[in-house]
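Asker: These protein sequence lines are chains A and B, in that order. Quick note on numbering: my numbering labels position 35 of the first sequence as 35, and the sequence is numbered without any gaps. Positions in the second sequence are counted from 1; adding 1000 to them yields my numbering.
Just so you know, the hints here were simulated from the structure itself, not pulled from any lab data. Mixed in with the good hints there might be a few duds.
[Claimed, not checked] Pairwise CB distance ranges, derived in the manner of DEER restraints:
(1) A:57 <-> B:1092: 24 to 32 Å
(2) A:180 <-> B:1080: 27 to 35 Å
(3) A:53 <-> B:1036: 52 to 60 Å
(4) B:1120 <-> A:56: 21 to 29 Å
(5) B:1120 <-> A:119: 46 to 54 Å
(6) B:1128 <-> A:149: 23 to 31 Å
(7) A:145 <-> B:1128: 41 to 49 Å
(8) B:1080 <-> A:146: 47 to 55 Å
[What the hints assert, rightly or not] Footprint (simulated), chain A over chain B, 3 or more residues, beta carbon under 8 Å:
(9) 1055-1062
(10) 1087-1101
(11) 1125-1132
Note that this is a predicted model, so its numbers are computed, not measured. All C-beta atoms in this analysis are idealised placements derived from N, C-alpha and C, irrespective of residue type, glycine included.
The lines below spell out each chain.
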Amino acid sequence: MNRLRFAALASTLCLAACSGAGDLPANIVAAAPSPATSSAKPQATAFTPPPESAIPNDEFGKQIELGRKIFTETAKYAPGYVGNQLNCENCHLDAGRLAGSGPLWGAYSMYPAYRAKNHHVNTFTERLQGCFMYSMNGKAPPADSAEMVALETYAYWMSQGEPVGKELAGRGYPKLAKPVQAPDFARGEQVFKRDCALCHGPDGQGQMAAGKMVFPPLWGPQSFNWGAGMHEVDKAASFIKANMPLGRGNTLTEQDAWDAAYFMNAHERPQDPRYAGNVAQTRAKFHDTPQSLYGVEVNGQVLGQGSAAH
Amino acid sequence: MSARWAFLFTLAGLSMAGSACAGSPDGATLATQGNGRGAAPCAACHGADGGGQTASGYPRLAGLPAEYLRKQLEDFASGIRGNAVMQPVATALNADERATLTAYYASLQPPPAAPTTASSSAGPVLADRGRWPQGLPACDQCHGPGGVGVGNSFPPLAAQPASYLANQLRAWQHGTRKNDPLELMRGVAAKLSAADIDAVTAWYAAQSVAAQGVKP
Chain A
1 MNRLRFAALA STLCLAACSG AGDLPANIVA AAPSPATSSA KPQATAFTPP PESAIPNDEF
61 GKQIELGRKI FTETAKYAPG YVGNQLNCEN CHLDAGRLAG SGPLWGAYSM YPAYRAKNHH
121 VNTFTERLQG CFMYSMNGKA PPADSAEMVA LETYAYWMSQ GEPVGKELAG RGYPKLAKPV
181 QAPDFARGEQ VFKRDCALCH GPDGQGQMAA GKMVFPPLWG PQSFNWGAGM HEVDKAASFI
241 KANMPLGRGN TLTEQDAWDA AYFMNAHERP QDPRYAGNVA QTRAKFHDTP QSLYGVEVNG
301 QVLGQGSAAH
Chain B
1001 MSARWAFLFT LAGLSMAGSA CAGSPDGATL ATQGNGRGAA PCAACHGADG GGQTASGYPR
1061 LAGLPAEYLR KQLEDFASGI RGNAVMQPVA TALNADERAT LTAYYASLQP PPAAPTTASS
1121 SAGPVLADRG RWPQGLPACD QCHGPGGVGV GNSFPPLAAQ PASYLANQLR AWQHGTRKND
1181 PLELMRGVAA KLSAADIDAV TAWYAAQSVA AQGVKP
């Protein structure tokens, strides 16, 4: 029955971010769904960020370089602020440069912005902090910390020359149309086994080599938490459609992307740090959207119990 | 090198007669003697230590995951990995022999890396960054840090002869190798130029498995 509810509400579009729902206007990405071809580029880009080789060789450049490293190897370069085995880059490909993968240059000039998630105007700094708390299941680095300065310098450098306050094509993840059939766990499991498990592992826990996480975990204690934007089925579906399987973006059908997203997000992950005493209340307060399976019963289990590190 | 070949073939010829009545031979025996039913001794081409032969473009088998090696033998036999040399060899091996040989090679120490050839910076850039505006991921994103390999499905590229690696990339471009899961390598190879292939294969051939830590 939660599927019916889901279907009824699936068209409520709120393109949101790392840490929650409803902060981007719905018109920022091309409305037309991309055709199911193997075109690598999700959509036309109106802005091309400078290449990495253009990072200047001076003090300013050092901060850009550090910001890049924090983005690609987050726990190593921002220790103390990360509580899982993900890196920012895992969900913002090519070190935060790829159009259709939530690029930093798509975000930088769009803040400060009002976010429904926390009911106030957020600076870019606060936006980045949210990613640490939810997507990285960690702690927000203080605004004046070395980590924040470096990340913001990196984003600023990448965005030079773009207009301020103007949506660029390629921002966020290209929004999908409402699925033809309500997303389904069993179908999603089939897609997962066929198109995802090779890399993310049969249990979705990722794969490591030489001490590094190569294929990141999709759920469980080392993945993003229940407060992260990726836990919402529509956002996950858009990301997956445009970017997965790695190097083969836009080859899945839209239905497969919705089903895989539903399956992924119908598994336990770390608790929402805003946990309000019990799951029902937390859902009512923070996850009152059909895109969230938090507090929803799937296969006889009420999701949102959290999954502790073991 | 030709002396080593002659030696190996003599060795194989001599012991093949004797091994016919023995029980099922172990991996080392099969590798140096073949199975007497059409599978030539692996060691003749893949080296006595399984380290491969750079000059001829024969791959190292030492230290590769057994599961990956087994899949390749099946794919040679079925022809979805087309290769005139390996197809008859793989076809002549039965399931037990494949299991024995792949476990044997997986247990051997990988060879040292080839000496670094001073080449362009294009190799490490493709390996570590890819070329995303063209939709090309970094090779390391699937093959692991420094190309050490990941799990059973993503083979190591480190310390593999450059000529062998380049042959594989061209085989995917020409459609003679089409055994890659989810068509992942077909997509990658299609985006590589001849210069890219030279640069990236030279770079991986010079990467040491040991320097990157343990094998997968």
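Asker: Would you mind marking each hint as holding or not holding in the structure?
Answerer: Here is what the structure says about each hint:
no., hint, verdict
1, A:57 <-> B:1092: 24 to 32 Å, "59 Å, violated"
2, A:180 <-> B:1080: 27 to 35 Å, "34 Å, holds"
3, A:53 <-> B:1036: 52 to 60 Å, "57 Å, holds"
4, B:1120 <-> A:56: 21 to 29 Å, "23 Å, holds"
5, B:1120 <-> A:119: 46 to 54 Å, "53 Å, holds"
6, B:1128 <-> A:149: 23 to 31 Å, "25 Å, holds"
7, A:145 <-> B:1128: 41 to 49 Å, "27 Å, violated"
8, B:1080 <-> A:146: 47 to 55 Å, "52 Å, holds"
9, 1055-1062, "violated (count 0)"
10, 1087-1101, "violated (count 0)"
11, 1125-1132, "holds (count 3)"
Consistency with the previously given hints fails for numbers 1, 7, 9, 10, ordered from lowest to highest.
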